[in-house]
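2 protein chains.
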Amino acid sequence: MGKNHKDISMAVIRRLPKYHRYLKDLLDKEVYRISSKELSAMMGFTASQIRQDLNNFGGFGQQGYGYNVEELYGEIQKILGLMASYNTVIVGSGNLGQAIANYTNFQKYGFKLMALFDTNPKLIGMKIRDVPVFDIDELQGFIDEKQVDIGIICTPKEFAQDIADKLVKSGVSAIWNFAPIDLKVPEDIIIENVHLSDSLFILSYLLNNQE
Amino acid sequence: MGKNHKDISMAVIRRLPKYHRYLKDLLDKEVYRISSKELSAMMGFTASQIRQDLNNFGGFGQQGYGYNVEELYGEIQKILGLMASYNTVIVGSGNLGQAIANYTNFQKYGFKLMALFDTNPKLIGMKIRDVPVFDIDELQGFIDEKQVDIGIICTPKEFAQDIADKLVKSGVSAIWNFAPIDLKVPEDIIIENVHLSDSLFILSYLLNNQE
Numbered sequence: 059m060g061k062n063h064k065d066i067s068m069a070v071i072r073r074l075p076k077y078h079r080y081l082k083d084l085l086d087k088e089v090y091r092i093s094s095k096e097l098s099a100m101m102g103f104t105a106s107q108i109r110q111d112l113n114n115f116g117g118f119g120q121q122g123y124g125y126n127v128e129e130l131y132g133e134i135q136k137i138l139g140l141m142a143s144y145n146t147v148i149v150g151s152g153n154l155g156q157a158i159a160n161y162t163n164f165q166k167y168g169f170k171l172m173a174l175f176d177t178n179p180k181l182i183g184m185k186i187r188d189v190p191v192f193d194i195d196e197l198q199g200f201i202d203e204k205q206v207d208i209g210i211i212c213t214p215k216e217f218a219q220d221i222a223d224k225l226v227k228s229g230v231s232a233i234w235n236f237a238p239i240d241l242k243v244p245e246d247i248i249i250e251n252v253h254l255s256d257s258l259f260i261l262s263y264l265l266n267n268q269e
Numbered sequence: 059m060g061k062n063h064k065d066i067s068m069a070v071i072r073r074l075p076k077y078h079r080y081l082k083d084l085l086d087k088e089v090y091r092i093s094s095k096e097l098s099a100m101m102g103f104t105a106s107q108i109r110q111d112l113n114n115f116g117g118f119g120q121q122g123y124g125y126n127v128e129e130l131y132g133e134i135q136k137i138l139g140l141m142a143s144y145n146t147v148i149v150g151s152g153n154l155g156q157a158i159a160n161y162t163n164f165q166k167y168g169f170k171l172m173a174l175f176d177t178n179p180k181l182i183g184m185k186i187r188d189v190p191v192f193d194i195d196e197l198q199g200f201i202d203e204k205q206v207d208i209g210i211i212c213t214p215k216e217f218a219q220d221i222a223d224k225l226v227k228s229g230v231s232a233i234w235n236f237a238p239i240d241l242k243v244p245e246d247i248i249i250e251n252v253h254l255s256d257s258l259f260i261l262s263y264l265l266n267n268q269e
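Protein chains in written order, with our numbering: chain C, 59 to 269; chain R, 59 to 269.
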């Protein structure tokens, strides 16, 4: 029945959200089975890479049948932890914080936005999709009371470490960080970064080194 | 004097923006030389990884001296193409598009934002940091005239492919895509994706598979 999830390499895990995306699209188009060859043509991975990746989750591919899209999708959701429910807060309620608050898709996968926080009096008291923006001074009290799992940092770089410290102290388990800085947190806190400028600089490299 | 840039592996290249970030911080703190050991402690790469990575760019590390921060920073900027100048447009001027328009940092590295585009009459005619928001119908004419290099897609998923087609037809060389979809473009067009949900799902995996 496949390996224990913990035995799957991080390289494979990092490809799972892409499989998740493509399988969801297939389900939306009412496609219920697919071969590794077809998936390969869609996703740009080799068919052998796909078979190897998906073998990690057990016997979903059948000779002459291909993959059961629904089963595979369900299994990947389970591995990614998308069947659970998470309380989240966003710290920094400018454009980026609001953009993330408006991604209703995240809600569908169990990420519940409880509140946003900011220092700007013009933003405090606002609501983004019915979710209130509070004063940042209320952050720690709120997290203690509401059992927040994930703190999302959308502040400028210079405030990010201080916010991370506060989030950790109040008991969040994970930080999704958009500030262009690598935060220092205790080892048991999970950090996932979205460094926009890193991505833009890779694009600029590619633009300058085109074949 | 180091390898030709084209001979450096993409795995090394993808680490360069992180070096760039740390070296910039060092320069801001007026630190002008650093050993691979010190860089290692800061960045979380092993010292041997760092030496191996930086060897690709030639003789910047000196026994007993360490690296010249300024030289190394300059070389990495050159490799990443951050000494050039790029004309960019943002398509989709909601929160995310505005957030990116407000990253004044990008401007510093040569990414000049020429215009934003949207379909929403409430946004058309606005200015974000003095940059106008135009009707999306004007996109192709604008790109033709202004020689835009990079199109930044911040639209919902369902419009992204159509916008990408228009950008390509008008002659952009690269697309920075924030829509949660893998765009189909001709091979000579450079695509760099920021798939936010992929990153969030990895965070959720880590949260569920903590040691």
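Any given hint might turn out to be false.
Since the list gives no way to pick one copy over another, a pair counts as held whenever it fits inside one copy or between any two copies.
[What the hints assert, rightly or not] Once the Cα atoms are required to be at most 25 Å apart in a straight line, the calculated DSS-like pairs of lysine-lysine come out as: (1) 215 to 180; (2) 185 to 82; (3) 227 to 166; (4) 185 to 170; (5) 204 to 185; (6) 82 to 215; (7) 242 to 87; (8) 215 to 76; (9) 242 to 224; (10) 95 to 227; (11) 166 to 224; (12) 215 to 227; (13) 87 to 180.
Everything labelled a hint here was simulated from the structure, so no lab data went into it.
Outcome of the hint check:
1. Proximity of residue 215 and residue 180 under a CA criterion of 25 Å is satisfied intra-copy only: 21 Å inside one chain copy versus 31 Å between copies.
2. Taking CA atoms no more than 25 Å apart as the test, residue 185 paired with residue 82 passes in neither setting, with 31 Å inside one copy and 37 Å between copies.
3. Proximity of residue 227 to residue 166 under the C-alpha cut-off of 25 Å is found in neither arrangement, the shortest distances being 28 Å within a copy and 35 Å between copies.
4. Taking the shortest Cα distances, residue 185 and residue 170 sit within 25 Å of each other inside one copy (15 Å), while across copies they are farther apart (33 Å).
5. For the identical chains of this complex, residue 204 and residue 185 are intra-copy neighbours only, at 18 Å inside a copy versus 39 Å across copies, given an alpha-carbon limit of 25 Å.
6. With identical chains, the CA atoms of residue 82 and residue 215 are at most 25 Å apart between copies only, with a shortest distance of 13 Å across copies and 35 Å within one.
7. Proximity of residue 242 to residue 87 under the C-alpha cut-off of 25 Å is restricted to the inter-copy arrangement: shortest distance 18 Å between copies versus 43 Å within a copy.
8. Taking identical chains as interchangeable, the C-alpha atoms of residue 215 and residue 76 lie at most 25 Å apart only when they sit on different chains, with a minimum of 15 Å there against 29 Å within one chain.
9. Proximity of residue 242 and residue 224 under a CA criterion of 25 Å is satisfied intra-copy only: 12 Å inside one chain copy versus 43 Å between copies.
10. In the homo-oligomer, the alpha carbons of residue 95 and residue 227 never lie at most 25 Å apart, since the shortest distance is 49 Å inside one protomer and 30 Å across protomers.
11. Taking the shortest Cα distances, residue 166 and residue 224 never come within 25 Å of each other, neither inside one copy (28 Å) nor across copies (31 Å).
12. Proximity of residue 215 and residue 227 under a CA criterion of 25 Å is satisfied intra-copy only: 19 Å inside one chain copy versus 37 Å between copies.
13. When the C-alpha separation of residue 87 and residue 180 is checked against a cutoff of 25 Å, the pair qualifies neither within a copy, at 44 Å, nor between copies, at 33 Å.
Hints 2, 3, 10, 11 and 13 from the list above are not met by this structure, while the remaining hints are.
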